[in-house]
Every structure is written in structure tokens, then in C-alpha cells.
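Number of protein chains: 2
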Amino acid sequence: MTTAEQLATRSSTPACDDGVCGAAGMTVPDSERTAAVFKALADPVRLRLYSRIAATGGETCVCDIQDVGVSQPTVSHHLRKLRDAGLIDCERRGTWVYYWAVPGALGPLASVLDAHTQLITR
Amino acid sequence: MTTAEQLATRSSTPACDDGVCGAAGMTVPDSERTAAVFKALADPVRLRLYSRIAATGGETCVCDIQDVGVSQPTVSHHLRKLRDAGLIDCERRGTWVYYWAVPGALGPLASVLDAHTQLITR
Numbered sequence: 001m002t003t004a005e006q007l008a009t010r011s012s013t014p015a016c017d018d019g020v021c022g023a024a025g026m027t028v029p030d031s032e033r034t035a036a037v038f039k040a041l042a043d044p045v046r047l048r049l050y051s052r053i054a055a056t057g058g059e060t061c062v063c064d065i066q067d068v069g070v071s072q073p074t075v076s077h078h079l080r081k082l083r084d085a086g087l088i089d090c091e092r093r094g095t096w097v098y099y100w101a102v103p104g105a106l107g108p109l110a111s112v113l114d115a116h117t118q119l120i121t122r
Numbered sequence: 001m002t003t004a005e006q007l008a009t010r011s012s013t014p015a016c017d018d019g020v021c022g023a024a025g026m027t028v029p030d031s032e033r034t035a036a037v038f039k040a041l042a043d044p045v046r047l048r049l050y051s052r053i054a055a056t057g058g059e060t061c062v063c064d065i066q067d068v069g070v071s072q073p074t075v076s077h078h079l080r081k082l083r084d085a086g087l088i089d090c091e092r093r094g095t096w097v098y099y100w101a102v103p104g105a106l107g108p109l110a111s112v113l114d115a116h117t118q119l120i121t122r
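The listed protein sequences correspond, in order, to chains S and R. Residue numbering for the first sequence follows UniProt numbering, beginning at 1 and increasing consecutively. Residue numbering for the second sequence follows UniProt numbering, beginning at 1 and increasing consecutively.
FYI, nobody ran anything at the bench for these hints, they're computed from the structure. There may be inaccurate statements among the hints.
A pair holds if it fits inside one copy or across any two, identical chains being indistinguishable in the list.
Below are the SDA-like pairs computed for lysine to any residue, each with C-alpha atoms no more than 20 angstroms apart in a straight line [unchecked claim]:
(1) K39 to K81
(2) K81 to Y98
(3) K39 to R80
(4) K81 to I120
(5) K39 to A110
(6) K81 to V68
(7) K39 to D114
(8) K81 to R92
(9) K39 to S111
Isolated chain S, as found in the complex (with noise of 0.2 angstroms):
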């Protein structure tokens, strides 16, 4: 199960709305895992990846993804980070390997920044 995948199923559960238990904040597990999927998105050149493969809407063609301004192998490195936190996945089809965004992964973090957002404004 991939970060994001245990984040998901940690939010449809009842206790603590959106891991925001009252007074005490986020409890130690569901801030290891939410600060793991945001750790995924705290790289320019990963946050610039993840963007181009969610702006296709579709699958993107690795081939196509390469121009972020650093080398291929830097490209892999990062598209594994994604991909390990569950926002990306992929699949090899003769000489490329294509990806998408994962639908649903980026929802529990939205949850978390808006629990929290209603907190400070309340």
C-alpha cells in the first residue's frame, strides 16, 4: 500500500476529522504519513512533474516529460519519489514506460489544509 493509498484510509475513518484530533492536533501516525506525501510535492522539479502528468489528464509518455530542466536520470529519481508516495503510477509498453496521477491521492492532503484552515479562522 502506498503512502497516499494509507493516508486515503486513514481519512474515511471516523475518529479524529481529517487527522485533526481538538486541541491536541494531529495525532504521530497521520502526521508521519501526511508528511510523507507532502515531502513528495516539496521539490520544484517533482511538484513540476507531477503538474505535467496531471495536466494531460491522461498518460504521459516518459519521452515527453524530459525537458524539466535536469537529466534523465534526475527525471527517474523523482518520477520514483511520486510514484513511491502513491501520486503517480506507470506502466512499460514497449521502449516507454507511461504515467498518470493516481485519482483520489492528492484528496486527504486537501482535507488536512482545510481542517486546518477552518481551525485558524473559526
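Assemble chain R onto chain S, guided by the hints.
Structure of chain R alone, referenced to chain S:
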């Protein structure tokens, strides 16, 4: 101007809604500003500190957020990172420093997540 303030300013400009510029995805400057704020939230201890401060809905004495499982100097280090990113601010009063979550600082991040979620599910 903090990173979160730069991000809020950028997000209010009309070009490229939410920093997602069509099929090209995020621009380099947008990805750098956004990744910097994600990075501030990409650590479990920082996330719990931020959550604890936000959960009060007001000010939190630093004396009340020392029990996150790390040493006091490490707490101070993480609070500085959150402050540098523009997510929290503080004021010293006598012996103690009081922290609060900056209203609106999470908004641009939430917009980026929402914009990409819409791209993926369209």
C-alpha cells in the same frame, strides 16, 4: 515577504489559474514557491507543531508545545522553519514566545491541490 505571502500574491494574479498553465503544468517560479511551503509541512514534527498551534484557533505559548517528542532546541528549529515559510508568526512577551497560525497561508497550497485534482478527474 515570506514564501507563503509570495505564493498568495502569485495566486491572485490572473495568468495561469492556480499556477497550472495548461498542458505545460506549473511554471518554474510557481513550483519553487509552492515546493518551499510544502517542504515546511513535509516533516512529521513540524506538521504536529503547526497542527497544535492552528488547533488553538488563536495564540499558543511555546511552553505548551514542548511535548511533541523532540528536544526543546529541535522544537525551536522547526518553529523557525514554519515561520520562515510564512505559516506561523510569533511575539515575545516576557519569558515566553507566543505563536499563531497565519490566516490564509494554506489557501494557495489548497488551490494548487484542487486545481490538479480537477485536471486528473476531468
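Against the structure, the hints:
1. K39 to K81: both (9 angstroms within a copy, 14 angstroms between copies)
2. K81 to Y98: The answer is within: 16 angstroms in one copy meets 20 angstroms, while 37 angstroms across copies does not.
3. K39 to R80: So K39 and R80 pass the 20 angstroms test inside a copy (13 angstroms) and across (18 angstroms) alike.
4. K81 to I120: Between copies only: 19 angstroms across, 31 angstroms inside.
5. K39 to A110: Close inside one copy (14 angstroms) and across copies (15 angstroms); limit 20 angstroms.
6. K81 to V68: within (16 angstroms within a copy, 27 angstroms between copies)
7. K39 to D114: Both ways: K39 and D114 sit 18 angstroms apart in one copy and 18 angstroms across, limit 20 angstroms.
8. K81 to R92: within (17 angstroms within a copy, 40 angstroms between copies)
9. K39 to S111: both (17 angstroms within a copy, 18 angstroms between copies)
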